[in-house]
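Residue numbers (our numbering), protein chains in the order written: chain A, 1 to 681; chain B, 1001 to 1207.
Hints are computed from structural coordinates only; laboratory data are not their basis.
Virtual Cβ for every residue (Gly too), placed ideally from N, Cα, C.
Misleading hints may appear alongside valid ones.
Claimed, not checked - As a list, the in silico EDC-like pairs of lysine to aspartate or glutamate whose alpha-carbon atoms are at most 20 Å apart: (1) 217(A) x 265(A); (2) 1092(B) x 1137(B); (3) 28(A) x 158(A); (4) 182(A) x 1137(B); (5) 1088(B) x 469(A); (6) 1066(B) x 10(A); (7) 433(A) x 417(A); (8) 433(A) x 469(A); (9) 182(A) x 1062(B); (10) 1031(B) x 158(A); (11) 54(A) x 108(A); (12) 1008(B) x 469(A).
What the hints assert, rightly or not - Sample of chain A residues at the chain B side, in silico, Cβ under 10 Å: (13) 92; (14) 95; (15) 96; (16) 99; (17) 100; (18) 157; (19) 170; (20) 177; (21) 178; (22) 180; (23) 183; (24) 185; (25) 409; (26) 646; (27) 647; (28) 651.
What follows is the residue order along each chain.
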Amino acid sequence: MAKVTVDGIEVEVANGASVLQACEAAGKEIPRFCYHERLSIAGNCRMCLVEIEKMPKPVASCGQPVGDGMVIKTDTEMVRKARRGVMEFLLVNHPLDCPICDQGGECDLQDEAVGYGRGYSRYDENKRSVGQADWGPLVKTTMTRCIHCTRCIRFSTEVAGVPELGATARGESMQVGTYVEKALSSELSGNIIDLCPVGALTSKPYAYTARPWELKKTDSVDVFDAVGANIRVDARGAEVLRILPRVNDAVNEEWLGDKSRFAVDGLKRRRLDRPWIRENGKLRAASWEEAFAAIADRLKNVPGERIGAIAGDQCDAESMLALKDMMAALGSANIDCRQDGAALDATRREFYLFNTTIAGIEEADALLIIGSNPRREAPVLNARIRKRWLSGGLAVGLIGEEADLTYGFDYIGGGPESLQALGSFADKLRTAKKPMIILGQGALQRDDGAAVLAAAWALAAQYNMLNVDWHGFNVLHTAAARVGALDLGFVPGTGGKNVAAMLGGGVDVLWLLAADEFETSKIGAETFVIYQGHHGDAGAARADVILPGAAYTEKPGTYVNTEGRAQFGFMAVSPPGDAREDWRILRAISAYIGHALPYDDFAQLRAQLIQTNPIFGEIGEVRRLAGSNLEGPVGNAAAIGTAPFINAVHNYYQTDPISRASPTMAACVAAHYGTQAEAAE
Amino acid sequence: MNTQAEPKSFEFDTEAEALVTAAIAHYPMGKQASAVMPLLDIAQRQMARHTGSAWVPRVAMDVIAKRLGMAPIRVYEVATFYLMYNTKPVGKYHLQVCTTTPCWLRGSDDVVAACKSQAGISEFGETSANGLFTMSEVECLGACVNAPILQINDDYFEDMDGVRTEVLLGDLKAGGALPPAGSTAGRSGSAPATGLTALLPTTEPAE
Chain A
1 MAKVTVDGIE VEVANGASVL QACEAAGKEI PRFCYHERLS IAGNCRMCLV EIEKMPKPVA
61 SCGQPVGDGM VIKTDTEMVR KARRGVMEFL LVNHPLDCPI CDQGGECDLQ DEAVGYGRGY
121 SRYDENKRSV GQADWGPLVK TTMTRCIHCT RCIRFSTEVA GVPELGATAR GESMQVGTYV
181 EKALSSELSG NIIDLCPVGA LTSKPYAYTA RPWELKKTDS VDVFDAVGAN IRVDARGAEV
241 LRILPRVNDA VNEEWLGDKS RFAVDGLKRR RLDRPWIREN GKLRAASWEE AFAAIADRLK
301 NVPGERIGAI AGDQCDAESM LALKDMMAAL GSANIDCRQD GAALDATRRE FYLFNTTIAG
361 IEEADALLII GSNPRREAPV LNARIRKRWL SGGLAVGLIG EEADLTYGFD YIGGGPESLQ
421 ALGSFADKLR TAKKPMIILG QGALQRDDGA AVLAAAWALA AQYNMLNVDW HGFNVLHTAA
481 ARVGALDLGF VPGTGGKNVA AMLGGGVDVL WLLAADEFET SKIGAETFVI YQGHHGDAGA
541 ARADVILPGA AYTEKPGTYV NTEGRAQFGF MAVSPPGDAR EDWRILRAIS AYIGHALPYD
601 DFAQLRAQLI QTNPIFGEIG EVRRLAGSNL EGPVGNAAAI GTAPFINAVH NYYQTDPISR
661 ASPTMAACVA AHYGTQAEAA E
Chain B
1001 MNTQAEPKSF EFDTEAEALV TAAIAHYPMG KQASAVMPLL DIAQRQMARH TGSAWVPRVA
1061 MDVIAKRLGM APIRVYEVAT FYLMYNTKPV GKYHLQVCTT TPCWLRGSDD VVAACKSQAG
1121 ISEFGETSAN GLFTMSEVEC LGACVNAPIL QINDDYFEDM DGVRTEVLLG DLKAGGALPP
1181 AGSTAGRSGS APATGLTALL PTTEPAE
């Protein structure tokens, strides 16, 4: 530890910390443009100058390591003068176009210019101007505004692991860009918009839409993958305009995948905003009363075992619990949340969780990925693996489809036979102190999924991944709702039918709670389908009655991410038109059919949820389970097939009803997958 | 005129390949990226041999990136940073006129004017219609004692003036080869232009 004095305040910071960090520890704000705590230090903006005693010149505090006994001054005439000088140079070439710049109101340069800018410019030469560059459908560039902080370059190189950005030429001709015009191919490219301290990189879909002070900001949780990234929903009136990440070091640090950030325009399209009833093969608009009557009519005299319910991938735990309770009241045990047919074993929580936890990846020293492409299934989690890999000493092995994961790996094989023949990677696993397995949904959505699960668990046991202080068995989910559903027991009860059994006429009445990710054509022709959801997608197309529900921004709700962390999302806007929050719909229909659910408001429902499983009460927390029980899941590992693993997600940009309705995501598919889009589907 | 289009593909020829292997061998395993500058130079010289224009097309940069295990953008950064790499085609004779203060004081403006008139071009960066000359403005070439300097491809032509520049380029236009490099004013190296004033041969034996 080093003791330093900042403006008369004595603070103690770790050896090797920077002067800037010492100043922050002392509560002093240091202006900066290029420095970012999650990126390497560049030291090229010079805005963070401070005065250090016994040093003749102002010092860039971001790159200066502390020394014991340093006396730092952040607010002297010398410092102010130096920063004013830096600001004047930055503004030499920066256009004064704040009124037409989307960064206005949340611009670091604008904010700092208030403190360090002069009221007029002494510069009357021509400003440097830079031609337009097209970086794809997500990031809008106005490179004339660029101040060459290189944050975007460092982010794409270090965090995203897709080094496409660089600084070409030098001096005044230096340009930040791709050199060869191309769309950024990283799934995390939207983060450079947040990182850009000026208006050089702004959101293309959000261009000229709103000013930050017009927006109502609501804390929520992302539902486009199972990572549960913490997000902030920015809305104006009834319209969600953009999604930004919130900082949560345990989950998403401060990053967010492009789908989670940009699919919001899908919330305005193909929405179900009123009930519909199918009459003579055609859907017609109806009132809630008519829709309820139609359902009650059809449910009459149908025995419980002929009714089924499937929960979708983006549902909140509260509405799933309401549906589960209603099904129980109707006498049905036919409920299932695994619409992809994944052989998830819900008997023990550690069989379906990412037990190592996302932050725990940083402790691992060997990683075996089976049937997954984390880059497409959970880009933020993939960035965490890359972070761990970059720090050295992580051996990665891959079984399944070969892909560019942004880190190096040993490719072991494509199919289940490789689970038994790890080759040279077996040694790496054996010598590792904290080895871990990531099992993708692609490996479980197979006929022999249960066998794969059992085999993977056996591998974990064999290679010492299951210890009291280290649990290295991880299932990487792709659906935000899945773990929550499993935690509240949205799986077939005794004698109940699973998804496959409910299809093909296995039930007479099928309730789909925003469930679209299965082959709806396999639903029996005589089955009466009730679709409760927010988008007119596959499920609604097959429905006999459509009940308009709410999307994740339009209802409060609890989501449990792949590591088993319950998180709460607040309601940002109201559902459109006649649509209602899903639990309210279920509460209303249950009363209509004479099985009123025992909760009248959201608080009572939450209380019921916590009673069902206390996990739902531990908001933001995660229980790191001990891997002390070696007994594996029920599947028979010997029954494993030979077909190669196919990943669950090939088209990252369109995985759910919201992203399929989003024109921005469609543009991404066109830009990145081109004609392969159909092949990938 | 920059008539050369971006080639579709690039491959090191046998002569270049030997140099490439040697250049990469200079660096320890895992640090191959250090060889990016020699490789760019080798590629540029190979282009000069094959097409008469010393430049590095993008496909060549991509080949180098692949060879050295780097991201292509890292190669683009290096190639565009240094003026010695031409990322656009240049003429057979790349006229690099130093216009930094010492050369300018010694008459680099005349050299520039002569280059323009002989090559028939009006700006820095232009290539003559016959494809022979490209004129670039460069910073100090580090030979100020013999200012002004005109660097043609790899060679320094020193003590230039307008007339001698016109003669030199005239010869090249007529198909002549590049004369030997060095002072064009007839002095040896950086010896005084008016003859030696010190270290004169003496007749008296040293005491």
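These are the hints, each one checked on the structure:
1. Note on residue 217(A) and residue 265(A): the hinted pairing holds, with a Cα-Cα distance of about 17 Å set against a maximum of 20 Å.
2. A threshold of 20 Å between alpha carbons decides the hint, and for residue 1092(B) with residue 1137(B) the separation of about 17 Å falls inside it, so the pair holds.
3. At roughly 28 Å between alpha-carbon atoms, residue 28(A) and residue 158(A) are farther apart than 20 Å, so this suggested pair is violated.
4. Between the alpha carbons of residue 182(A) and residue 1137(B) the distance comes to roughly 31 Å, so the proposed pair goes past 20 Å and is violated.
5. Pair hint residue 1088(B) plus residue 469(A) does not hold up; C-alpha atoms about 60 Å apart against a cutoff of 20 Å.
6. At most 20 Å may separate the alpha-carbon atoms for a hinted pair to count; residue 1066(B) and residue 10(A) exceed this at roughly 52 Å.
7. For the proposed pair residue 433(A) and residue 417(A), the alpha carbon gap of about 25 Å is over 20 Å, so the pair is violated.
8. Of the supplied pair hints, the one linking residue 433(A) and residue 469(A) holds, its CA atoms being roughly 11 Å apart against a limit of 20 Å.
9. Under the criterion of a C-alpha separation no larger than 20 Å, the hint pairing residue 182(A) with residue 1062(B) is consistent with the structure, at around 15 Å.
10. Proximity of residue 1031(B) to residue 158(A) is assessed by CA-CA distance (about 18 Å); at most 20 Å being required, the pair is judged to hold.
11. Restraint check: the Cα-Cα separation between residue 54(A) and residue 108(A) comes to about 31 Å, which exceeds 20 Å; the hinted pair is violated.
12. Between residue 1008(B) and residue 469(A) the CA atoms are separated by roughly 57 Å; this puts the pair beyond 20 Å, and the hint is violated.
13. Interface restraint check: residue 92(A) against chain B, minimum CB-CB distance 21 Å, threshold 10 Å, status violated.
14. About 24 Å separates the beta-carbon of residue 95(A) from the nearest beta-carbon of chain B, more than 10 Å, and the hint is not met.
15. At about 29 Å, the closest approach between the beta carbon of residue 96(A) and any beta carbon in chain B exceeds 10 Å, and the interface hint on this residue is violated.
16. Annotation: interface hint on residue 99(A) violated; nearest CB of chain B at approximately 34 Å, more than 10 Å.
17. Among the interface hints, the one on residue 100(A) is violated; its C-beta lies about 30 Å from the nearest C-beta in chain B, farther than the 10 Å criterion.
18. Hint status for residue 157(A) relative to chain B: holds, with the closest Cβ pair at about 8 Å, below 10 Å.
19. A least Cβ separation of about 5 Å between residue 170(A) and chain B falls short of the 10 Å threshold, and the interface hint therefore holds.
20. Satisfaction of the interface hint for residue 177(A) is found here, the shortest Cβ-Cβ separation to chain B being roughly 9 Å, below the 10 Å cut-off.
21. For the restraint placing residue 178(A) at the interface with chain B, the shortest Cβ-Cβ distance is roughly 7 Å, inside the 10 Å limit, so the hint holds.
22. A cut of 10 Å between beta carbons decides the hint on residue 180(A): the least distance to chain B is about 7 Å, and the hint holds.
23. The restraint placing residue 183(A) at the interface with chain B is violated, with a minimum CB-CB distance near 14 Å, outside the 10 Å limit.
24. Annotation: residue 185(A) was flagged as interfacial toward chain B, and the flag is violated, the nearest CB pair being 12 Å apart, outside 10 Å.
25. For residue 409(A), the suggested interface contact is broken, since its CB lies about 15 Å from the closest CB of chain B, more than 10 Å.
26. Proximity of residue 646(A) to chain B is violated relative to the hint, the smallest CB-CB distance being about 29 Å (cut-off 10 Å).
27. Hint status for residue 647(A): violated, given a least beta-carbon distance of 25 Å to chain B, over 10 Å.
28. Violation of the interface hint for residue 651(A) is found here, the shortest Cβ-Cβ separation to chain B being roughly 25 Å, above the 10 Å cut-off.
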